[in-house]
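There are 4 protein chains.
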Amino acid sequence: MNRKLKMGMVGGGQDAFIGAIHRLAANMDGLIEITCGALSINPVTAVASGKALFLAESRTYLTYEEMFKAEAALPVNERMDFVTIVTPNFAHFAPAMMALDYGFNVVIEKPITFSLEEAKLLKQKVEETGLILCLTHTYSGYPMVKQAKAMVREGKLGKIRKVWVEYPQGWLSKLSEREGNAQAAWRTDPTKAGKSSVMGDIGTHAAHLAEYITGAKITDVCAELNTLVEGRVMDDDGAVMLKFDNDAKGVLMASQVAAGEENALRIRVYGEKGGIEWLQHDPNTLIVRWLDEPAQILRAGSNYSHLSSFATHNCRTPGGHPEGYLEAFANIYRNFALTLSCKLDGTEPTAEMLDFPSVEDGLRGMAFIDNVVTSSQSDKKWTPYIM
Amino acid sequence: MNRKLKMGMVGGGQDAFIGAIHRLAANMDGLIEITCGALSINPVTAVASGKALFLAESRTYLTYEEMFKAEAALPVNERMDFVTIVTPNFAHFAPAMMALDYGFNVVIEKPITFSLEEAKLLKQKVEETGLILCLTHTYSGYPMVKQAKAMVREGKLGKIRKVWVEYPQGWLSKLSEREGNAQAAWRTDPTKAGKSSVMGDIGTHAAHLAEYITGAKITDVCAELNTLVEGRVMDDDGAVMLKFDNDAKGVLMASQVAAGEENALRIRVYGEKGGIEWLQHDPNTLIVRWLDEPAQILRAGSNYSHLSSFATHNCRTPGGHPEGYLEAFANIYRNFALTLSCKLDGTEPTAEMLDFPSVEDGLRGMAFIDNVVTSSQSDKKWTPYIM
Amino acid sequence: MNRKLKMGMVGGGQDAFIGAIHRLAANMDGLIEITCGALSINPVTAVASGKALFLAESRTYLTYEEMFKAEAALPVNERMDFVTIVTPNFAHFAPAMMALDYGFNVVIEKPITFSLEEAKLLKQKVEETGLILCLTHTYSGYPMVKQAKAMVREGKLGKIRKVWVEYPQGWLSKLSEREGNAQAAWRTDPTKAGKSSVMGDIGTHAAHLAEYITGAKITDVCAELNTLVEGRVMDDDGAVMLKFDNDAKGVLMASQVAAGEENALRIRVYGEKGGIEWLQHDPNTLIVRWLDEPAQILRAGSNYSHLSSFATHNCRTPGGHPEGYLEAFANIYRNFALTLSCKLDGTEPTAEMLDFPSVEDGLRGMAFIDNVVTSSQSDKKWTPYIM
Amino acid sequence: MNRKLKMGMVGGGQDAFIGAIHRLAANMDGLIEITCGALSINPVTAVASGKALFLAESRTYLTYEEMFKAEAALPVNERMDFVTIVTPNFAHFAPAMMALDYGFNVVIEKPITFSLEEAKLLKQKVEETGLILCLTHTYSGYPMVKQAKAMVREGKLGKIRKVWVEYPQGWLSKLSEREGNAQAAWRTDPTKAGKSSVMGDIGTHAAHLAEYITGAKITDVCAELNTLVEGRVMDDDGAVMLKFDNDAKGVLMASQVAAGEENALRIRVYGEKGGIEWLQHDPNTLIVRWLDEPAQILRAGSNYSHLSSFATHNCRTPGGHPEGYLEAFANIYRNFALTLSCKLDGTEPTAEMLDFPSVEDGLRGMAFIDNVVTSSQSDKKWTPYIM
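So the protein lines, in turn, are chains P, G, X and L. If you read the first sequence in full-length UniProt numbering, its first letter stands for residue 1, the second for the next number, and so on. If you read the second sequence in full-length UniProt numbering, its first letter stands for residue 1, the second for the next number, and so on. If you read the third sequence in full-length UniProt numbering, its first letter stands for residue 1, the second for the next number, and so on. If you read the fourth sequence in full-length UniProt numbering, its first letter stands for residue 1, the second for the next number, and so on.
Chain P with its partners taken away, still in its complex shape (with noise of 0.2 Å):
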């Protein structure tokens, strides 16, 4: 990299959990800096939000049009490079259709889009445009989640037969969204949030792991959608049974209202020579189980060779310097910035630097939203998958 990109923001302005995640992450390794924003819809706390950044007046907007059209006005070296959409979710499609009709990489976070027919439109505009779009499908960017994809893209498991993913959490437990918790309110209304709740939110998260780790497509799904809070419009609760394209079978679990648990997304992939399990709770650690010998602990930043490129690239310190969700996030801003330089400087990026989710992966996550949804509300036991 020749020179820092340059970042904009749409959303994320004081008091946005999201938006804050994001600043962490594009900060840390130094390779990018927040240059401008159109930070909130409500023009009192934009301003306050860029003051707060260190952002130039000049560079603080109050709409993402504004900030779109002033920032393709300067020069080349002084515009932003990328520009991250931190909204809500009904508020993704436009600003970033815009964003790439203006010529601007995006990062965005998921769920991609709305509904799926949005999330079709925005693949087309990509690849028409040709411009890089990135989503923050935070977990693929943990080192040992990479790890365990190489193990079983190297046949380290044999062929898969199995995956459990779960993802409790418990935030939901109460009717929060009544009670003046704003970020309860949005996930839990059906104008804003999309078509689930529960899915949206953090099942999307789940299915993408189990189909990034075993590099299998979901065909066909048997889901169940509750709300298991009295009072609540949409659903809080989930499970689906899968099958994949290679003949391996899944369970997804996802909850919000598992009172008690914080984030704990959980897989397990088993194949015929042995098995992995990953937890978000202690990333660093992948236990890998075999047939016939011990179980062993690998762990992220250690010097042994059993550790893929992909784990390694992704980590900034050595064993047992734990790195956490942050890194994982900063992960997928590092590869996709150093991705955005590579094109920028007419180089060749290496495999590892463009192992970030993709406008593709937003679009199976939005589809994995619409067939759930579907299967919830049918009779028959499988629903077969439809993008």
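Accuracy of the hints is not assured; some may be wrong.
Note: identical chains are not told apart, hence a pair may lie in one copy or across any two.
[Said to hold, decoys possible] When the alpha-carbon atoms are kept at most 27 Å apart in a straight line, the in silico DSS-like pairs for lysine-lysine are as follows:
no.	residue 1	residue 2
1	123	6
2	6	156
3	123	343
4	343	217
It should be emphasised that the hints constitute simulated quantities derived from the structure, not laboratory data.
Mind docking chains G, X and L on chain P? Use the hints.
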């Protein structure tokens, strides 16, 4: 108790797995003496096994018919008080029925019979005779499982919303039934194991645990059974979505091909106020999570007032002296023995003594297998649970 | 074995802690029957305890002197084969000496005697009589402790450099000896417990474990004993730096006032090539760390070839069926019983059978207490270990 | 804060370990921009490193003397606000003194200097200049370490009785300093590392953690330092028994040859009412054990009221989004930056902002090394702690 109880055994000769477990469990507390046995259909094995157990030659029988007849002819204080049946599934029913007819109480390994029909007949026989039948659903013998049940019953978790129960094993990951593994051979043979291998062997344990802890009954299932090892003639993996009669939802996952897994039965139950997690590999610990409080680590044998009398009654040692599978098994024998002794002595057993699995639990286990198989073969999503 | 062995018991009446543990352990494997006892110095308790154990009235004795005399007068095949001594520390020596004089083999709770001098006399008596004395240093009965010992012996870890062993308990955090806790009362009374409470009760376990696993002997100690609860008349906490005869160094930490801890004995041993870690609270797991390989999780009962015959000989169940403290205890009884039976039968015990703690281990334990107390009272850093 | 703070760097060129860590930590929160550096004594490396960090050529210096002079000549709002010193131990003192003389605030890697004498002079200089010096004792930056400190301070555990702190690493298990490992080479070279390798590198962290959490000061040490790898010229292992000024006792264990261990710093502190345990490998968890209550699992980022403001101030994400080593490191930078900004802005920093290690902590660290070395060379058991 005024004297040790005398136990006879059908099956459980040398090299049989579960028979040895039953003896360890029966011995431990010094309340039971193994007095006689029809330990094998192979006469040579039967005699050798009796000798190894220091049984009197006169009470080492070659068939259970012979044993029941001979023992029944002995004076009351000499004959066996009860018989334990540890033959393979298909050979439970006949000796159990005959034992009851001869007036012997029965301990029986799960699944209780080969078919649901047999289970119904057996239940009827138990009721007719007024004898005691104890089913060794081992995992409900653990003190922290009983603690979980007590906490649910006392409303500590609020209304129960969700149950996740899983039972991964890996021991059938290869086609071991073709490689001389006798245990694998009968367990994957539909003429010996019953309608389902995975559900008969381990799924019933998981289902029993879910109903035991929650006190709720399964009302509907949506099941998928898989044969994931090529060449196998029975299922070896499965998942079941569950509905309970208290409106809770559940997921049950069981696999014998989760390569590298041992016997990792785990259950999580979530209510309005909190949730519990119990893992058989760490059985003296019950994690209790709360909505607005730090999670707690409840430990068997602790002296704080948080433990139910049902937990403390089933511990032998103070906290930090791990009790395990054999002690859980022994708890079932001990409670059965205490209850039987009360009956013999004309006294009243406590609620804690009476807390061991019964013929009713056995019947529900068989119904579970049947309903899961029915659901698995159906195109409909939900199958109502038929007894 | 041709018959069950007959066991007598000195101490261990109702409400005594460790006597009940001995019986559970002796019962489990069906190799031993409890035949007689002098269970309490209180005659009422002695009789009631004998009845609760279903002992014959004629073999429920009021004193051990009476028991030894009466049993010795019985025919060989009727009299007890060995006696277990489970009185408080100060009352070990006299019955042990007398039992040996009467020709009875002995099982004895640790610490073996009240003083080092007694231990020496007892060792001399054992050697003179040629009888077997078994000391119940429970923790060396765990299969994964034996696995650790085997790995060290086989050089898997290379030359041993460092040992860390710790034994935190919290049960004496209050002045319970003044609040009616009988166990606390005698254990903190120097006329009953010996020179050190913390080292006599738990420090010896830790020291034995360190020497047992490494096969090395302590040569020098630098100790500090503390009384951390005001008003207590004995120590309740201590630390000891260690030198071993193989040039390894060590640290031993023991505390009875580590508030909230249960019985968390843990040992770590590091060599040139790797290290092991074993924790009594999770006893079926042995973590093995390697310099240039991922750490391994060795599990009791596994069927891979990594487990030593000394580990597998001491397991009753397959991996994933947790065996605990009582099974470890029972392993000591079982190995003692097998060895004694071989002697009675005129056959040769295997090395695995012979692997139980002996009078020599008891003597080293007493020397450990003595040397630690000497060191603690000294201004000099290092105290050479005197036997 | 009105603007980002400008940071210069001495040392930390390409391939240096700790310099990169400092930059990741300084970047993360967007409060600091790396503006200039004298990154290596090798001019080629210095220039290349500056380029890789996107530093202006004019502010990529070849020596720190040059940097301080040039930066001091810049207008106040352009010059660096502080300098971070990340050279090996022996090269901390000179640039730190000079920076202070030039009026620059200082962030410095531990141990603060090469010798205690230097540390005293540096402390004097800091006091004379009134500038801020921040020492990066990383582990005190973890939120759950701060929670532990708060709980002790608030008396939650009662009077503190016992501290166990351990720091096992295995990376020096081979004679790596002879095999081209530059890090190993200087850390085991007494002309570069100071009087003790193991205590300078990791023992000081452990000692700082013990004093930080308990709020007590070490008054006496009884130490043993070992060289366990043949051929090494410095110690690589040690143990220290501790006395504190609040009458608590302690044990500190540190090893660089605990083969297979990563960076497993762990501390346990026990008081009259309970104890805490914190392990750096699982840093978002604080286990709190109680005398008469179940143990609790306190988790960083949780929303219950049990967390101190000092813990919550140092979290960026909700519970279940693991923050790690880099975030702990960043907490130190962030608190330093907030404090420095307050000073620049003329406002008052909060107690939470002021909570970062100071020159006093650095001085105590150097004294710890000195006293431990003195004790290790002494025949006397206890060495009074001399500052």
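Identical-chain pair category, residue 123 with residue 343, by Cα at 27 Å:
This pair counts as within: shortest intra-copy Cα distance 19 Å, inter-copy 50 Å.
Exercise for the section: State whether the alpha carbon distance between residue 123 and residue 6 is at most 27 Å within one copy, between copies, both, or neither. Expected result: For residue 123 and residue 6, the Cα distance is within 27 Å only inside one copy (23 Å; across copies 41 Å).
Practice problem: With 27 Å as the alpha-carbon cut-off, assign the pair residue 6 and residue 156 to within, between, both or neither. | Solution: Classified as neither; 41 Å inside a copy, 48 Å across copies.
**Q.** Within, between, both or neither: residue 343, residue 217 at alpha-carbon 27 Å
**A.** neither (29 Å within a copy, 57 Å between copies)
Against the hints set out earlier in the document, violations occur for numbers 2 and 4.
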